[in-house]
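K.L.:
Spelled out, the chains give:
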Amino acid sequence: MKFTEGPEIRDTKAPEGPIEERWEKRKFSAKLVNPANKRKLNVIVVGTGLAGGSAAATLGELGYNVKSFCYQDSPRRAHSIAAQGGINAAKNYRGDGDSIYRLFYDTVKGGDFRARESNVYRLAQVSVNIIDQAVAQGVPFAREYGGLLDTRSFGGAQVSRTFYARGQTGQQLLLGAYQALERQVAAGTVEMHTRHEMLDLIVSDGRARGVIVRDMVTGEIERHLADAVVLATGGYGNVFFLSTNAKGCNTTAIWRAHERGAYFANPCYTQIHPTCIPVSGEYQSKLTLMSESLRNDGRVWVPLRKNDERAPGDIPEDERDYYLERIYPSFGNLVPRDIASRAAKNVCDEGRGVGPGGLGVYLDFRDAINRLGRDAVEKKYGNLFEMYERITGENPYDVPMRIYPAVHYTMGGLWVDYDLQSTIPGLFVIGEANFSDHGANRLGASALMQGLADGYFVLPTTIGDYLANGPYGDVDEEAVAEAEIKVRTRIDRLLAVNGTRTPDSFHRELGKLMWDYCGMERTEESLRKALERIPELREEFWQNVKVSGTAEELNQVLEKAGRVADFFDLAELMCLDALVRTESCGGHFRAESQDADGEALRDDENFAHVSAWEHSPEGPVLHKEALEYEYVKMTQRSYK
Amino acid sequence: MNLTLRVWRQSGPSDKGRMVTYKVEDVSPDMSFLEMLDVLNEKLILEGDDPIAFDHDCREGICGMCGMVINGVAHGEQRATTTCQLHMRHFEDGAEITIEPWRAAPFPVVKDLVVDRSSFDRIIQAGGFVSVPAGSAPDAHSVPVRKEDADAAFDAATCIGCGACVAACPNGSASLFTAAKITHLSLLPQGQPERLSRAKAMVDQMDAEGFGGCTNTGECTAVCPKGIPLDTIAQMNSDYLKANAK
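Order-wise, the sequence lines are chains A and B.
Sequential numbering from 1 applies to the first sequence in my numbering.
Sequential numbering from 1001 applies to the second sequence in my numbering.
Because the hints were derived from the structure by calculation, they are not lab data.
It cannot be assumed that every hint is accurate.
Unchecked claim - Below, computed lysine to aspartate or glutamate pairings styled on EDC-like, alpha-carbon distance capped at 20 Å:
no., chain 1, residue 1, chain 2, residue 2
1, A, K486, A, D417
2, A, K624, A, E478
3, B, K1147, A, E144
4, B, K1147, A, D150
5, B, K1043, A, E282
6, A, K546, B, E1047
7, A, K546, A, D504
8, A, K379, B, E1047
9, A, K633, A, D150
Said to hold, decoys possible - Chain A side only, calculated, beta carbon under 10 Å to chain B, not exhaustive:
no., residue
10, G138
11, G355
12, G358
13, M387
14, R501
We treat Cβ as the ideally placed atom computed from N, Cα and C, and that holds for glycine.
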């Protein structure tokens, strides 16, 4: 795939000066909108997860006219609901030495020095308000007997800063945001459109001015116009087919925005989560994650011997390899996700994996049960144990869990500046859909933090600065018509192929290709192979896909086909990005770039930048945004 | 495993609907119920038939989107389980399985097994929240909450809004759902100021949507995938009575 290099991105709009003052400065310099004018300003928010739900609720509360869209039957079902473990906040309630600065430091280091300092510092600052907000909403966080909030520690951190609600923290936080959203729906400030899917972005006079959506029940194609558009549509991990994402998660909204001019940053950064339930068969439709919090008490091990087929209980202590504790004595089982995932892959590649196909490692609670008692373990992790048993048919109180890494989160996404605005004026991107805060690896319990920080606190301020210059007048009718025709043509084209393969069969094949060639480990050779194979498979898709039914009804095959079509284009850009970045960092492991111990080897001289890709008919254009580290010294990450 | 499925097919809200029989072969016991339907749907697509429409998303038992009546029981006979977490190892080889949508007047059928549950959202809109604008909250430690209360509130808050309680209730009542939401907030200090007005507004909305009344048959808790207890309904009734007495 050919690409060219374009001009560097020099201005991210982050204020200058001491890092702890930048957000205050920006808030003060942002223009304000008179309350009477707010109701004349229309904002579209696509997606209703932690980022989109909290943003729509807050914008409605501020007095803007908001339209909110989601593909599910209710905004309460967005996939943020599935996050188990917790949410970080620099409250230092434990007095264990935590601070905003330390959370900032851990996050920059955890991201392998590929995140922006200014953004991450702001995230750490705002984290404190998120907990206050959620508690005030009635989110039932875990409490101590004294009535105060309980916390726990999480991968990549040595302090206890993770707030949680049993193993259902995402659910409880999302319900808080959802309830705030429904309150605004009742107040008439937010108009909710469920079972609607965004299929294109309307750009008029260079500004984002609306969306084309499909009513998934009637098939009607609708146009909705506004002064600004916010995308909160989540990540694109489902490009791998098997992932921990909900089945409906897709890339269409951000991909179409990319085609309309929004740069796509660091598409190759995929987080592989170390503690998922291993794949059991060909029919499998998704992977289930076991909360990383399990690594607080569970010990990870494999047999010392290769192809050891004994039952775990029959393997004596001195024939077990607690490899994380061995290799990383100071973090042990709590090393960050990228490190734990790669270590699991390595021991399985050595032939020491357990379970079907040797693709699994043990996560063992035997010692924790002996130390704390079964009841205490059940209190902490009961629902997770139950979930594991449901899926595998094995009881983890008696035999160790088997886990294996799986695709979980995408750190890449649409490029945004400090204001969370994309390269299309008026198009804001928040939560997992943007790229900005996590660098090349995301620490545990930090996605919920970013979603809510963006939605409740950051976007509502920064979008005001943009909206203060609005309303932006009439939208060019031709731009709307063009987008609508494009959407209709695409749907007609999908229905007309009438081939012999289902959308799912293509998705599976694409996913396998991506996992094999652009997964936990990438090489120049594997990426070149993928870049050769993806266009062929895409060609076959457009020649041979079979979409049954019509466009004027609830048609889940059509929905699926449209999403798979976009995954092909995205997959290609992911592989290209991975190929160009010849260093290893975080979740992006290029086998050619590793040190003598097999750890990821960064190349700061050549790659301390964000790769922001511009879409162009002649092929992608690469723009680099240099990353500067004034506060956290770039060092080789070590968790030993 | 080989199975015979009897599935409710209904092309849209105005269609009368009917049961259709399908054979599925080579089902693995490790498959989830939805994966078994995926396999059938792949076959139907290739044969040029309309695949069975059903709602699903997270497939981890938490989003509440999936739900079907399996052999007469909402989410199937396995206790405390969503349809996506129900695995085929719980069925006999050669079994005949009947699959139908949630049936209740306030949940109109959209297509096949997909129903419209937006009435639940409207119950929340009526008052299922704490009125708190973003950015004005006091420090989270300024109001301690007894651990017992926080835990009990959490137990009620785990409701996933799937609607199984309604589907199972002979009266088509949404009491368990509404009570779970009311109980969650009424057990916390943050929920006190609006406690009675909330209960009244939500119960009134539930009635306005056309859900039936509760006669304590308990079918709802029996099928609830999250085990929401029946005594939440007592809590709701108590708050509702107090609200009306005022």
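K.L.:
Which hint numbers doesn't this structure obey?
P.N.:
1, 2, 8, 9, 11 and 12
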